[in-house]
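Residue numbers (this note's numbering), protein chains in the order written: chain E, 57 to 169; chain C, 851 to 949.
To be clear, the hints were calculated from the coordinates, so they are not data collected in a lab.
Here the structure is a predicted model, which is why all the values come from computation and not from measurement.
All C-beta atoms in this analysis are idealised placements derived from N, C-alpha and C, irrespective of residue type, glycine included.
Any given hint could be a false lead.
Here chain C is said to cover these stretches of chain E; the calculated rule only asks that three of the stretch's residues, wherever they fall, bring their Cβ under 8 angstroms from a Cβ of chain C [stated by the list, open to error]:
#1 61–75
#2 88–98
#3 133–144
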Amino acid sequence: MMSLIQEIVGYSLTALGALFYFYAGLGLLRMPDFYTKLQASTKATTLGTFSVALGVGILNPAFIGKSLLLIGFVALTNPVASSVMIRAAYKNKVPVCKETVVDEIANGGEKHE
Amino acid sequence: MSGHAVIDLIVFGLTGLGIFFALLRFLIGPSSFERLMAVDMMNVMIIGFISILSYIFKNNMYMDIAILYGLLAFIETIVFAKYLENQAESSKVSGGDTK
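Modelling step: build the complete structure from the supplied sequences, incorporating the hints.
Right under this line is the structure:
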């Protein structure tokens with residue numbers, strides 16, 4: 057009985073993570089400019105990796121330590137990597153899409169009230 | 851076909867489609883920043899793929915491979931992003947056009 061609940065929860069988490077990977081690839085392919093592509097794909101792959109690693113750790117409890125280590129590692133490195141990439145792109149003046157409303161760095165960091 | 855095989859097929863199919871879309875973005879990406887972003891996202895998806903493989907093969911060592919792959923992918927992304935950023939600054943100093 058315990059094993060059945062374990063399998064249901066583990067497979068559900070793993071399939072949810074795989075679905076988020078699919079959405080990340082779709083956002084990477086369909087979003088209009090660089091910044092929106094990076095935002096969509098970074099968030100979706102971070103959540104997908106959390107979910108897949110937790111699901112594998114629940115399915116086989118011998119892996120739970122390394123799964124938690126992998127979750128902590130991805131939570132530390134993935135936002136740093138996306139932040140460095142987006143700073144490099146902004147300094148290199150990668151164009152934004154035409155629906156963009158405000159660029160706060162170019163306005164001197166002041167808010168429009 | 852048992853139930854486990856169907857669920858494994860769905861999981862591997864969705865993850866493989868995500869990796870395939872990232873590969874398409876790497877091939878058609880207009881600028882080098884989009885290619886860099888596609889490689890980074892593909893690496894993160896491959897980490898998840900390897901950790902699913904560790905459950906399929908029931909081998910604990912695939913988790914170590916996933917963690918080390920993530921470390922190398924992180925260093926690769928940081929190095930390429932810093933390289934592209936410094937390239938923009940040096941071309942600005944020398945007065946070149948940054949197109």
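Taking the hints in turn, this is what the structure says about them:
| no. | hint | verdict |
| --- | --- | --- |
| 1 | 61–75 | holds (count 6) |
| 2 | 88–98 | holds (count 5) |
| 3 | 133–144 | holds (count 9) |
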